[in-house]
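Undergrad: Residue-level listing of the chains:
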Amino acid sequence: MPAIELSKAPQPSLTNPAQIRNFCIIAHIDHGKSTLADRMLQITEVVESRNMRAQYLDRMDIERERGITIKSQAVRLPWRSGYDNQEYILNMIDTPGHVDFTYEVSRSLAACEGAVLLVDCAQGIEAQTLANLYLAMENNLTIIPVLNKIDLPAAQPEKFAEELAKLIGCQPEDCLRVSGKTGAGVEELLNEIVKQIPAPIGNPDAPARALIFDSVYDSYRGVVTYVRVVDGHLSTRDQIQMMSTGVRHEMLEVGVISPEPVPSKGLGVGEVGYLITGVKDVRQSRVGDTVTTYVRPAKDQLSGYKDPRPMVYSGLFPLDGADYPVLREALDKLQLNDAALVYEPESSAALGFGFRCGFLGLLHMEIVRERLEREAGLTLISTAPSVIYSVTDGDGKELVVTNPSEFPEGKIMEVKEPIVRATVLAPSEFIGTIMELCQQRRGTLLGMDYLSEDRVEIRYTLPLAEIVFDFFDQLKSRTRGYASLDYEPIGEEAGDLVKVDILLQSEKVDAFSAIVHRDKAYAYGMAMTVKLRELIPRQQFEVPIQAAIGGKIIARETIRAIRKDVLAKCYGGDISRKRKLLEKQKEGKKRMKMVGRVEVPQEAFIAALSTGEEKADDKDKKK
Amino acid sequence: MEPRADHLAFYIHIPYCVKRCGYCDFNTYTPAELQIQSSLEVISHDYIGLLVKEIEKSAAVSAAKFVPTIFFGGGTPTLMQPSDLGRVLDAIRKNYTLTDTCEITIEANPDTVTPDLLSQLRSVGFNRISMGMQSAVPHVLAVLDRTHNPANVEKAVLAAKAAGFDEVSVDLIYGTPGESMQDWERSLDAALVLPVTHISAYALIVEEGTKLAARVKRGEIVMPDDDETADKYILADNKFHAAGMEWYELSNWSKPGSQCQHNLLYWYGENWWGAGPGAHSYIDGRRWWNVKHPGTYKDKLLETGDPTHESEILSAEQREEERLLLNIRLPKGIDRSSLSVEQIMKLEPYLADGHLSREHWESGVVSLTQSGRLLADRIVSSL
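So the protein sequences, as listed, match chains Z and W.
When the letters of the first sequence are read in order and numbered with my numbering, they come out as residues 1 to 623.
When the letters of the second sequence are read in order and numbered with my numbering, they come out as residues 624 to 1006.
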């Protein structure tokens, strides 16, 4: 049996780097990464068969339900190689598989020497996988191409082997064929990992340097920091120091994940494990930072550290205003585990008190919202996502605007918006539709390549704001779900952008203001006013709904005054019923928000805000 | 007006119809639904026996002496034998004193009344009759699932007059799917040429569980929009006014002095006893209602002497709510001095928009204008 009993396997802290292989799996959502990981856990016998469950490593409910990994994992797998019958330690570092978390992916990759490129051989490679593959290649990782799901009737391993071979410059026959579901080929894959991926190299005698590739808050243990030791040694007795901030922490525990945490004496060169320091907030133990010892600090930080920067902002408001303190507490708690989440209090005339929150992207936004709702039992309204604009006003003063309400009134010299480089992978029959969509969204074609005979990679620059709008939905629906998208920020560009306000009876409704391109202002104004006319019930007076740029009205709709609101009949037997109806109506009125004299039901706000919001989850949900 | 403590009105429910109309959700049953094989005479006789029992029970419970009004509704009260209806009146007379002006009303289906029946009803004591006319337009009646021939209405009204009914009323329904403004006008004109002293006109309400509701749900027929229904109300109000009938409640108009006293008593919050299955009663802030099914009603009444299904005791707040929601429906309206400053402030926009009568307002009364009547529920719910 190639599995090794844990107690007899090379022990953490004492493992010879030559026996270590650090690898990650690069895969698109639903290409079977978690299932393959499950099989690896089983075959190496770190999880007993009777304890096995599907998607073993996915910790959060949301991860398991949506089939996406939000945070990475690192599991130590002892393995006796089928080639040389030697004992090895394979550290499998799981990576988040989404464009929002590119930075976290890059840090996971930096902790490895090799990557398994896992592709569903019924679907072929997807845009995000390609992006991560390029990232891995830039990091000089050894790539092992693997075709998964060979058990599927729709599998086309020959076709996609060609595609992969072309992408990474190998022979089609070099692609391994596995089935995470049946376990076929997985043992061979483990052997290939040992054979192809280089052992880590580091200086055991140098001052300690370890790369943080993940940092997770645990309510019992505080922050658990995942590291890969590059040089030197970390042990339980050390006081450690974060190199970006110089902050010192006591080491409470060092260990490895196998796949439950197992404390060890320490971690040596090339080893992957966790540290617990009693820190309560992940922002004090940031992904990408370098850990060294206080007594013998390293001189140079490992390269590549960046502060996470939000890309997309949105207001989150509790449906019930009384829940505001609950929301604040829930955000505080979430931030302990999410260094990228930023927020500050915001008050809206229409929606009451809430928070302006910054996110890495749309998926991040949705995950945060879903966790807040699920974990704190809240019902939230989120305003339309906005990107970060740099606005120069009439006096030449530059402002950073993440909320339409901050957009200066009066003369504007220039507005700059974030631009991304987007990559779309799709069957070639959709080239026309995709280009049409990108053109509509103010895109500029950068280039196009055929991955295989009938699959293309199309590259565009696009304003991020256009993607944040319903781009992904549109892309998916126009390509019958076949296209995949990846993007990375590449800077800012000036654009002819204006703020469109929506007015109800001449009163501005802040929640509906939006910054849009001038060419689209009219369409936005029309869409919003028409929608609101349908959503807002008739009042006892006429209500004009207008869209305006500054003082200029660009669209107008009118809600006619209601003329009849009475039940004609009211006899003896009806009185109780009528009173109860009235009480219900009064109760309903309490949930109305007043905009001037206009009563607007909460539901109207939610409905008006819900469209135009990209449903990022569709791409991440398993069928 | 303060409720008269020693007065008690009666509502007598007759839960039988020959056929159920498609829009009706009243507590009524056809013999087929009840699977009764007996003749109508036998049903009538037996059922009236139960009503008499309940009336006797009322006398044991209530301290009232005088009965100002009695109203027989249904169902189709005229399905009962006039002599049986007379037994009910006798039971009331035996236990209470009818006031000199006591109004005794019966609802009637214009198809089933004959001159003979009408004079029998007169002779047992009825002095007011209300005919279910609904519409004068056959295709509208068909949607309502009504069986009568519009021409029968005129015959029935004239026969009632001839039998000695001074107070004759007709009921109209507007806003039936497929009813045009011209159709409605035709119905109004047809009602106004009749020698009636009172007209009720209701906008059709689609009640859940009715055949009509099912047809609307299936999309077979489409309910008219509220604006059109509002126009029909205004047309009716204008025509009635021109014919010398004034509104004395949102949906009721009469010649001077011909208001239905029984109706008014509900809206004034006076005491009444409802006898029969599903009937509601109200005495001094307590409301209760009987079990709905005639069979259950019979069993419960005979076994326990009390057919009450549920009751509620109104809190002071609920009584106040009811006072407002009922009084706003009347021209005499709500006394402004009975309202708080906040409530008055909430009413001011309606006054400004012309939904409340300025003239009344200045004399201290909150009274609806024509446009305000159409918004009565909205206005009262703002209080």
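Some clues are possibly wrong.
For lysine-lysine, the following BS3-like pairs were computed, each having C-alpha atoms within a straight-line distance of at most 27 angstroms [said to hold, decoys possible]: (1) Lys580(Z) <-> Lys878(W); (2) Lys590(Z) <-> Lys969(W); (3) Lys969(W) <-> Lys584(Z); (4) Lys569(Z) <-> Lys878(W); (5) Lys969(W) <-> Lys580(Z); (6) Lys642(W) <-> Lys569(Z); (7) Lys589(Z) <-> Lys969(W); (8) Lys834(W) <-> Lys580(Z); (9) Lys717(W) <-> Lys580(Z); (10) Lys569(Z) <-> Lys593(Z); (11) Lys969(W) <-> Lys586(Z); (12) Lys642(W) <-> Lys593(Z); (13) Lys676(W) <-> Lys569(Z); (14) Lys333(Z) <-> Lys8(Z); (15) Lys642(W) <-> Lys580(Z); (16) Lys584(Z) <-> Lys778(W); (17) Lys531(Z) <-> Lys834(W).
I should point out that these hints are in silico values taken from the structure, not numbers from a laboratory.
Undergrad: Against the structure shown, which of the earlier numbered hints fail to hold, in ascending order?
TA: Hint check: 1, 9, 10, 12, 13, 14, 15, 16, 17 fail, others pass.
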